[in-house]
Each structure stands twice: as C-alpha cells, then as structure tokens.
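Relying on the hints, combine the two individually framed chains into one complex.
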Amino acid sequence: MTTFFQQIVDGLTTGVIYAAIALSLVLVYRTSRLVNFAQAEMATLGGFLAWQLSDWGVPFPLAIALAVAASFALGATMERTVVRPLHEAHNELALFVISLGILVVLINVEAWIWGYQVKAVPLVIDGPAVSIGSVLVSRQKLVIVAVAIVIAALLFVLFQRTRFGLAMRAAADNQPSARLLGLPVNATMTLSWGIAAAIGTLMAILVAPQQFLQPGMLLPVLLYAVAAATLGGIDSPVGAVIGGLIVGVVENLAGTYVPGIGQDFKSAVAFLIIMGVLLVRPQGLLGSKSVVRV
Amino acid sequence: MSAIMRRLRQPRPRLPIPRWVNLVVGIAAFAYLLYAPLVSPSYSNTQMAMVCVYAVAGLGLHLLTGMTGLISLGHGFFFAVGAYTAAILSGTQGWPVPVSFVVAAALGWLLGFLFGLPALRLSPLALSQVTLALALITPSLIKRLDFMTNGSAGLSVDVGDPPAWSGLDKDQWILYICLLIALVAYLVTLALSRGRTGRAMKGLRDNLPVATTLGVRATTTKSFVFATSAAFAAVGGVLYTLVIQYVGADAFGLTFAIALITVIVVGGLGSVPGVILGAVFVVFVPSWASEVSPSASGLIYGVALVVFMFVLPGGVIGVLRAIGHPVVSRFHARRSTAQPPVPQEQEAGRR
Chain A
1 MTTFFQQIVD
11 GLTTGVIYAA
21 IALSLVLVYR
31 TSRLVNFAQA
41 EMATLGGFLA
51 WQLSDWGVPF
61 PLAIALAVAA
71 SFALGATMER
81 TVVRPLHEAH
91 NELALFVISL
101 GILVVLINVE
111 AWIWGYQVKA
121 VPLVIDGPAV
131 SIGSVLVSRQ
141 KLVIVAVAIV
151 IAALLFVLFQ
161 RTRFGLAMRA
171 AADNQPSARL
181 LGLPVNATMT
191 LSWGIAAAIG
201 TLMAILVAPQ
211 QFLQPGMLLP
221 VLLYAVAAAT
231 LGGIDSPVGA
241 VIGGLIVGVV
251 ENLAGTYVPG
261 IGQDFKSAVA
271 FLIIMGVLLV
281 RPQGLLGSKS
291 VVRV
Chain B
295 MSAIMRRLRQ
305 PRPRLPIPRW
315 VNLVVGIAAF
325 AYLLYAPLVS
335 PSYSNTQMAM
345 VCVYAVAGLG
355 LHLLTGMTGL
365 ISLGHGFFFA
375 VGAYTAAILS
385 GTQGWPVPVS
395 FVVAAALGWL
405 LGFLFGLPAL
415 RLSPLALSQV
425 TLALALITPS
435 LIKRLDFMTN
445 GSAGLSVDVG
455 DPPAWSGLDK
465 DQWILYICLL
475 IALVAYLVTL
485 ALSRGRTGRA
495 MKGLRDNLPV
505 ATTLGVRATT
515 TKSFVFATSA
525 AFAAVGGVLY
535 TLVIQYVGAD
545 AFGLTFAIAL
555 ITVIVVGGLG
565 SVPGVILGAV
575 FVVFVPSWAS
585 EVSPSASGLI
595 YGVALVVFMF
605 VLPGGVIGVL
615 RAIGHPVVSR
625 FHARRSTAQP
635 PVPQEQEAGR
645 R
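From first to last, the protein sequence lines are chains A and B.
Our numbering applies: residue 1 is where the first sequence begins, and numbers increase by one.
Our numbering applies: residue 295 is where the second sequence begins, and numbers increase by one.
Think of the hints as simulated: they come from the structure by calculation, not from any bench.
Values in this document were obtained by computation on a predicted structure and should not be read as measured data.
Check before you lean on any hint, since a few could be wrong.
Said to hold, decoys possible - Short, incomplete list of chain A residues facing chain B, as computed with Cβ under 10 Å:
#1 L86
#2 V104
#3 N108
#4 L155
#5 L158
#6 F159
#7 L222
#8 T230
#9 T256
#10 V258
#11 A268
#12 L272
#13 L278
What the hints assert, rightly or not - Covered by chain A, per the in silico footprint, the following chain B stretches (three or more residues, Cβ under 8 Å):
#14 418–427
#15 431–443
#16 592–598
Virtual Cβ for every residue (Gly too), placed ideally from N, Cα, C.
Excised from the complex, chain B in its bound form (with noise of 0.2 Å):
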C-alpha cells in the first residue's frame, strides 16, 4: 500500500522532449483553438472561454502560489476588482474594452501591491489568514459599495460586441478575445518563471534563508509577485464580465477563491501547462457531475483538492510525465546513443 503510494506521489522531472516539438505542438494546439469557434455551437465557445478565464487567474496564482510558495485565499478580490472595473467602465460608462483591461491590469495591480504591503511581512500561515478573511468579507464589500456595484443585484451588461467587419458572432469575438489574452498571459508567465525573476521564486519557496543569502530580494520579489498575479486575476475579472455579461457580489467569494486553488492544484503545482489542463478541469468536470446532482460538481473540487495533493501531488502533468516517461526515454535511446539527453531541471521539487 505505502509503495503504490510512495510512488504515485514521486517528484517526476519534465520529460526531455526537443524544444521544437513542444513549439510545433503548442502553435498547432494554438492553430485549432483559431478555426473551432467558427464551427462549434455557442455553448461549447462559452465554455472554452470560460476556461480562458481560469487559466488567466490561475497564471496569476501559479506565479504566487506555484512559484513563490505564498498561499492566497484573496485572489477572488482581485478578480471581482477586474470584473466590476469593466462591468462599470465598459458596460454602464461606455468606454472601449481595451481600456478596461488596461485600467483593470493596473488597478489590480496597484491593489496587490499595497494588500502586499502589509500582508507580505507575514508568515505564510498568517498570510494564509488575511487572504481568508479578505475571501469572505469580499462580497459584503461589494454590497457595501453598491452605489458603485448595485449591491446584491448586480450589473448586467452588454459589453464586447464583434465590429461589423469581423461577421463573427458574439461569442466567437468574445472567446477570440480571451484566447489572445490567455496566450499573452501564458508567454508572460512562461518568460517570469524561467530566467532570474524564476529561479528567485523558486529560491524562496524552497529556501528563504538560503536564497536572501544568495542575493535574493525577498521583499521585493514577493511585492512583485503579488502584485502581478493580482494583476493577472484582475484582468481575468475582465474576461469574465465579457463571457457572463453579469456581475453579482456572491461569485466572488470562497468558493471561487478555493476554484481557483483547485485549478492549479489539479493541473500541477508549479507547471505552466497544468495551469491549462486545471482550467480545462474546473470548468467541464463540474459541468459533467452537476448531472448526477447539483451538489457532485462542488463536491468534485473538494474531492480533487484532497486526492490530488495527498495521492497525486504532481497533479495531472505529474500522471502525463509518468506515462510519457517510458516512451520518450525509449526513443531518446534509439535516437541519440552517442549523445546522453541532458539533465533536466527538477520542476517542481517540493521541501
């Protein structure tokens, strides 16, 4: 029992797959997400949108929590910030979408930047508690401002309509949108998480004392951190208020903090793709359980957040490095025997 155990939850390094595979993969992946929209039905584009929306929080959340090992509980703030900007902006003032994502990006920011202030002199059990009271007092916040936000009613908007010359549909133009966001949010994070900014993450994670040694600025690159993926959830807030075309103050609470927690959790810790493969999780299983009862599609993301981190901390890149391993280390073999794969980094070394 303990050896199936010890071995489901063995660190896998990152498969030694070429560079240009990957690339290839990832532009004909990124190739066929162009052309679906145009044939799928308008739920299915919904859908794929709100994928979009998860993955470019959990970015922000990955780059905190998956990086830089700080727990938050209060990204769903973040995300209300983002949502409520363009709801207001765009929707009741009229202003054009891109400047939503700017001011959200930048008003999500800043407000990380100074919740980081204080919150990040914190142990991270303390900040684990801030980030929950923070997470279920947003959404008496929200009602609180209601001269802004409509309190518990909320706002309906008709923000992102296609221009005239695109003949998209509206919810085409709209998952365009998100895809072009969520591409851009994945080269961020991929560029933060390699390279120095990356390895001083990562440094802190595994060892605070060791990486301030080292030169590390671990005030700094927490401020940072947090700061960018408040930003990153604030401009997902701005996805969602396209795709829903409503904000209401109760989406923004626990449950969708711990959603977002489940997203990069399923996925991986630490892994940019699993990022993706946590958003694909949190937005379809749901839906799929919600069949067997309403309560199964709440109870699926307790349920993965506990099997996944007890039985299966690598989540699901973890399972997909396990399977691929055999394969590729075959291939390697026959291919280059004059020339050993180089050592790959261990991704995602836990303490």
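Isolated chain A (complex conformation) (with noise of 0.2 Å):
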C-alpha cells in the first residue's frame, strides 16, 4: 500500500511539471491557435541561461531572475516577429511548420554552444527527502509544487481579477469582437507568449537538476504536457492543470503496475490518452466545444 501512495505522489509531483509546460501551451493556444511543439524547447533554452548565467558567477537566484525575464522577453518577440503575421493570415499549417523549424533552432543552437553534456544544476533547496505520513517527497520537489501553486494563483488573479486579464479572456473567446471593443488584443497576444515562456523557464530550471539538462531535456515532457492540455481541454488552464496531474498519476501507475508497460514504454500511455479524449470527447474535460457553422 505504501508503494501504492508513494506511486501517487511521485505521479502528483511529476504531474507538476506537465501541468506547468501544458498551462503554457493553453496560453499560447488561446491566442494564437497553434499547439506549439516548440514551447518546451524555449523552456529548456531557459534552463541553458539560468545555468550559463550562475556558472558565471552570478547568484543563483539572480539567475533563475534573469533567465525567467530573458524567456519573456524571447517569446513576446516571437510572437511580435514570426507568429503574428501567419496567424493573421490564418495559416495555420504555416504556423505549425514554423513551430516545428523553432524547435530544431533551439535544439541545434543549444547544441552548438553548450554541446551535449548533461550540466550540473545546483538545487533551489538541498536537504534530505521529507516524509509524509509513510511516503518520501524531495524538498525540490516541494518547492516545484509550491512554485506551481503560486503560478496558478498568479495566473487566476491575473485573469479573473484585473481589467487586462478580462481583456486577455475576451481576446481568446472571440477576438474580432474584442478588437470592435477597442480592447487590447495585440498586447494580450504579446504577453500571453512572455507568460507562457517564462513559466516554462522557471520549471525547466526547476526540473533540471533530476532531467538532466542538456538539449533537447523537455521533449519528452512534450509529449505529456500535450496530453495533459489535450486531456484538460486544449484552451482551458484550469484544465491543463487538472489534466497535468491526472496524466502524471495516470502514467506512474500505469508504468508500475500495468504489465507489459514498464518504466521505458510509458510514454505509450500519453499517445492512448490523447488518441482516447479526442476520439471520446474531443474538446477535453474543461474545453470549449467549436462549432463550425457552415
């Protein structure tokens, strides 16, 4: 039974971290219409600066500080340069070929600089594991979940509490009204890509130290967090976090549990979630239903 709830936890934990890159998929998404497979990249990108940064001798806060505002200020220029004028145009399978080229940048020019050996980045917090009742969490860890919690917090005032955040909703639901009302829609476009990247930053640089950081380190968290935000509903952010941490129970279960899956094929389990919701309930668990009217 213990290995039962310490699996659940470990899934919680790690649940996390999907919720977290998937949070910055919906935002992207419910501006610009684009799943965009280059998010994780961009986090890892951030791990590499945070990194190069305290290597350098800069405290490590500072540098978690400099990295995460370095994010934002990448992806709200991304989406001023590359993004925006395919998204006008409604080219949608241009947006995706330029998401996918992205991601091969940022592999390749991590990989030219900074080479394929895996780097060493410090903890935020060092310690031994605390035990909770019969199950052992890392203190980073908690400091990953506390970090998410207060993401989340964040992002709900912002969005239910301020005056851009209820802009930033009206863009989403239907942007030709909000522009009619003379709302700020390109500025909501802008920083949702900065809050996305940033957040994507500060997890990667959290996560680092048990992923190893090294090009390429969130592709396989991709996969998860495009499950978690397909399985969540892929413009709902309340959803991504749900369906970050159901697809991080889910997958730690299944890998121990499920024979014939095993620690090495889990990743099976995100392709039959995200083929499963989108057959059976294709706009996810808290998503808006489209409809097309001819």
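So this is what it looks like as structure tokens:
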C-alpha cells in the first residue's frame, strides 16, 4: 500500500511539471490557435541561460530571475515577429511548420553552444527528503509544487481579477469582437507568449537537476504536456492543471502496475490518452466545444 | 520592407512550358541518372540513393500535406515499419527483396488505414497532436518489440546483393533499384495529383464544406490518401534498409519526421518536382553544413523550415518560377502572337 501512495505522490509531483508546460501550451493556444511544439524547448533554453549565468558567478536566485526575464522577452519577440503575421493570415499549416522549425533551431543552437554533455544545475533547496506519513518527497519537488501553486494562483488573479485579464479572456474568446471593443488584443497576445515562455523556463530550471540539463531535455515532457492539455481541454488553463496532474498519476501507476508497459514504455500511455480523449471528447474535460457554422 | 516580403511571398503560377519540353528534359535527366552511377564514386552513389529514399517518402507526404492539407509527424513510424520489414524479411529470413517491397507497401497501407480510421476524424490540429505523439513513441515502441527488432542495438543486414549477370557493384545495383522505385513513385504521385483524385484532395485542403457539397467524400478520400502516403513511407523505409544496411530504433524519431517535412516544404508545398528538390536539399546541404559544425547540419533544417515557410512559401520551385517567368513569357510572346498561352491552373493556391 505504501508503494501505491508513493506512486501517487510521485505521479502528482511529476504531474505538476506536465501541468506547467501544458499551461504554457494553453496560454499560447488561446491567443494564437497554435499548439506550439517549440514551447518545451524554449523552456530548456531558459534552463541553459540560468545555468550559464550561475556558471559565470551570478548568484543562483538572480540567475533564475534573469533567465525568466530573458525568456519572457524571447517569447514576446517571437509572437511579434514570426507568429503574428501568419496568425493574421490564418495560415495554420505555416504556423505549425514554423513551430517545428523553431524547435529544431533551438535544439541545435543549444547543442552548438553548450554541447550534449549534461550540465549540473544546482538544487534550489537541499536536504533530506521530507516524509508525509509513509511517503517520501524530496525538498526540491516540494518547491516545484509550491512554485506551481503560486503560478496558478497568480494566473487566476490575472485572469479573473484584473481588467487586463478580462481583456485577455475576451480576446481568447472572440478576437474580432474584442478588437472592435477597443481592447488591447495585440498586447494580450504578446503578453501571453511572454508569460508562457516565463512559466516554462522557471519549471525547466527547477526540474533540470533531476531531468539532466541537455538539448532536448523537455521533449519527453512535451509529449505528456500535450496529453495533459488535450485531456484538460486545449483552451482551458484550469483544465491544463487538472490534466497534468491526472496524466502524471496515470502514467506513474501504469508504469508500475500494468504488465508490459514498464518504465521505458510509459510514453505509450500519453499516446493512448491523446488518442482516446480526442476521439471520445475532443474538447477535453473543461475545454470549449468548437462548433463550425457552414 | 513589407513590399519586398509581399513580392517574395506572392504565389507563382506554373510556367507555361510546353508538355514535350518537360517530357524531353525529364527523360534526358533520368537517362543521365541511369548513366551516372557507372562512373561515380561509391559514396556519391549512396548519397544519390538517399535522395531517392527521401524523395519516395516525401512524395507520400506531399500527397497528404501538400495536396490534402493534413499534417503528419507520424510518417517516421510508417517509414520504420518498412525499414524493419525489409531488415527482418530480407535480412534475417532471407526472402527476396521484391517480396519485402510488396509486404512493406501492403503493411504500410494497412497500418496507415487503421491509424487513419480514428485519427482522420480529428481536426487538422488534433491530427498534428496525435502524430506528434506517434513520432515521439516510435523509438520506444521499436525498443519494446525487441524480440523482433533487437531493441536499441538494431539489426545489421546484408541485403540487395547484385545478381552476377549484371556485373555491377553493390552500391550501383542498389542505386538502380532506388531510381526505379523513385520513378514509379513519382509517376504514381503525378497521376494521383491530377485528375479527379487530385481535384478532390485540393478541394478538401482549400475548402472542406464546398468540396463535400460538390460530392467529394471527405472520409473516404482522406483515408485513402493517408493510407497511400503511409505505404509510400514504408516503401521509402525498404529503400533505406537497402542503402544503409542497418536499422536502429533511434533513427526514426521526431528528427526524422521533421526532415520529411523539410523535404516537402523546401521544394515548395504542393509541387511534385519540388519534392525531388527538397530531397536533394536534405541529403546534400546538411552534409556540407556539418563541415562547419555537427550542430549546423541540424540547424539548417530548422532555419530552412522557418525561412521557407515565412519568407518563401513557394519553396525552391517558387523561386525558379519567379526567375523563369520573364524568360518563358518572352519566348511565348515571340513564338505565338496569334495564340495566347492558355491560362494555367493556379498551382499551390494557399488559403
């Protein structure tokens, strides 16, 4: 029974990471109608920035802050330069191809600069694992969970309690109407990309010690994050968080208890979740149903 | 600035080149390709064979993405199916290579059809998500089936030895097989891209509601195209095994799927000759770039995808058309003033 609870808690702590990247995917999808396959790699780049800064002797907390700020700027710039013209032309195929292109560019730029040797990123907090009942959780994971909760809370406040958040929701819901109402639609789009990139980077830095920082570090996570976003509903931030936690737990339990899956083949779970959800309930748990008027 | 961009992005119609010129140039080029292996060094024959591999798989993806507008990152999976079919049937079991081609094509078609049954009910966006997942799990799936595929160690094979009567070296013989298959694939793709099927595919790409109203059966056509393109990928996989003589799990992941997309994007989405140019690009340009740095060869795919999609959506073919247009139109004006050129069908007209 202890194994079972341990697996669930492990699943939840991994699920938090999926949830965070899924949240980035959702934020970008809501504004640009693009599942940005480069999202996870942008986060990895942020992880490299933080490592490089701390390697140059910048104190680690400051390095994190600088890397997150740089990622915010990078995400926002990407939206302004490459994404917006194609989004306005409704050229979804081109957007998709470009997100793939950016993914490849980022992986290879990272490999060019930093190589494939794993970089040792310091833990934010060290010390023995904390036991909750009979279940052990490392301190770093607790920090990750705490940070994720803070991010979720801040986003909730932004979306639900500020005027700008209202504009963001309006723009996601109906862009032409929001524009006609004079809402700052362009600013909401740029900001969403910035926030998405910043969240990803923060998570990448926190998981880097256990995921081993190297180019393509978060590609496996991208698969689970896409599964999480699909499960929760590709345009629902709350759904992304719930989906991430569910995917984390299910993946962990399946890897432990379902014969024939094992630790190496857990990714098949993500594939089955994506396929199953899209067939049974394409809008996901909390997403909005898309209806096409002919 | 934006004026330049607009000129670059402008879609180019097909050049009004007479059919016999195309035919003569095509036959001459192919005749040269038949002669070249006899006098080329073996590494260049292998590279040409790799161009054929990418061209065959790319032609399949052209039918799916270029013509029908469906995105698939999962073609690495079907390619791997073909590659392993050849490695197991012809390599381990010792069956003749033509059997591998038939089995791989049939298996690829069937798996593509079965995968398409649920997947093609999805929106294009959701299809890209599902096929991304397929691309990411393909290597671990191959490793999971290690009793057949020998896991991450892979299978080294010795297939496609030239028959004694030909007197050819192995690389030459394999290049001839590749050229033959690529020619067949090219002609089949041309046939499918024109006429009723081609119009049905373009209709689904450009305006689904209108196409269905006009009697195009969306589900049937999509399933057929997806299965056919999967079969193309599987046949490409057989050629891959012949050329490389080795299959390993990690060759068929996301990177490979992206290389296939590069093939159809660089040449020009929706253009059949463009696929060949794209295949030449992905084989030769990275090997030049890797002289600069090992990462540069990967980087060039990414840069090519972004640049071609953002600045030159018409691809290399679009550039060639832009350059060739003044020449051809002047030639036409001088040659037939009484008979104006027939307005050409707008090729690759994107939404």
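So, going through the hints one by one against the coordinates:
Interface hint status for L86(A): upheld, as the beta-carbon distance to the closest one in chain B is roughly 7 Å, under 10 Å. Because the closest C-beta pair between V104(A) and chain B is about 3 Å apart, less than 10 Å, the hint holds. Interface restraint check for N108(A): the shortest CB-CB distance to chain B comes to about 4 Å, inside 10 Å, so the restraint holds. Contact between L155(A) and chain B, as hinted, is not supported at the beta carbon level, the nearest pair being about 23 Å apart and thus beyond 10 Å.
For L158(A), the interface hint is violated, the least distance from its beta-carbon to any beta-carbon of chain B being 26 Å, above 10 Å. Interface hint status for F159(A): violated, as the beta-carbon distance to the closest one in chain B is roughly 23 Å, over 10 Å. Here the hint on L222(A) is kept, as its CB sits about 8 Å from the closest CB of chain B, short of 10 Å. The interface hint given for T230(A) holds, since its Cβ lies 6 Å from the closest Cβ of chain B, which is under the 10 Å cut-off.
The beta carbon of T256(A) comes no nearer than 17 Å to any beta carbon in chain B, farther than 10 Å, and the hint placing it at the interface is violated. Interface restraint check for V258(A): the shortest CB-CB distance to chain B comes to about 13 Å, outside 10 Å, so the restraint is violated. Annotation: A268(A) was flagged as interfacial toward chain B, and the flag holds, the nearest CB pair being 6 Å apart, inside 10 Å. A cut of 10 Å between beta carbons decides the hint on L272(A): the least distance to chain B is about 9 Å, and the hint holds.
At about 5 Å, the closest approach between the beta carbon of L278(A) and any beta carbon in chain B falls short of 10 Å, and the interface hint on this residue holds. As drawn, the segment 418–427 of chain B meets chain A at 8 residues by the rule of a beta-carbon pair under 8 Å; at three or more, the given contact holds. Note: the segment 431–443 of chain B has 5 residues with beta-carbon separation from chain A under 8 Å; the three-residue rule is met and the coverage holds. Residue count for the segment 592–598 of chain B with a Cβ under 8 Å from a Cβ of chain A: 6. That meets the three needed, and the coverage hint holds.
Hint check: violations occur at hints 4, 5, 6, 9, 10; the rest are consistent with the structure.
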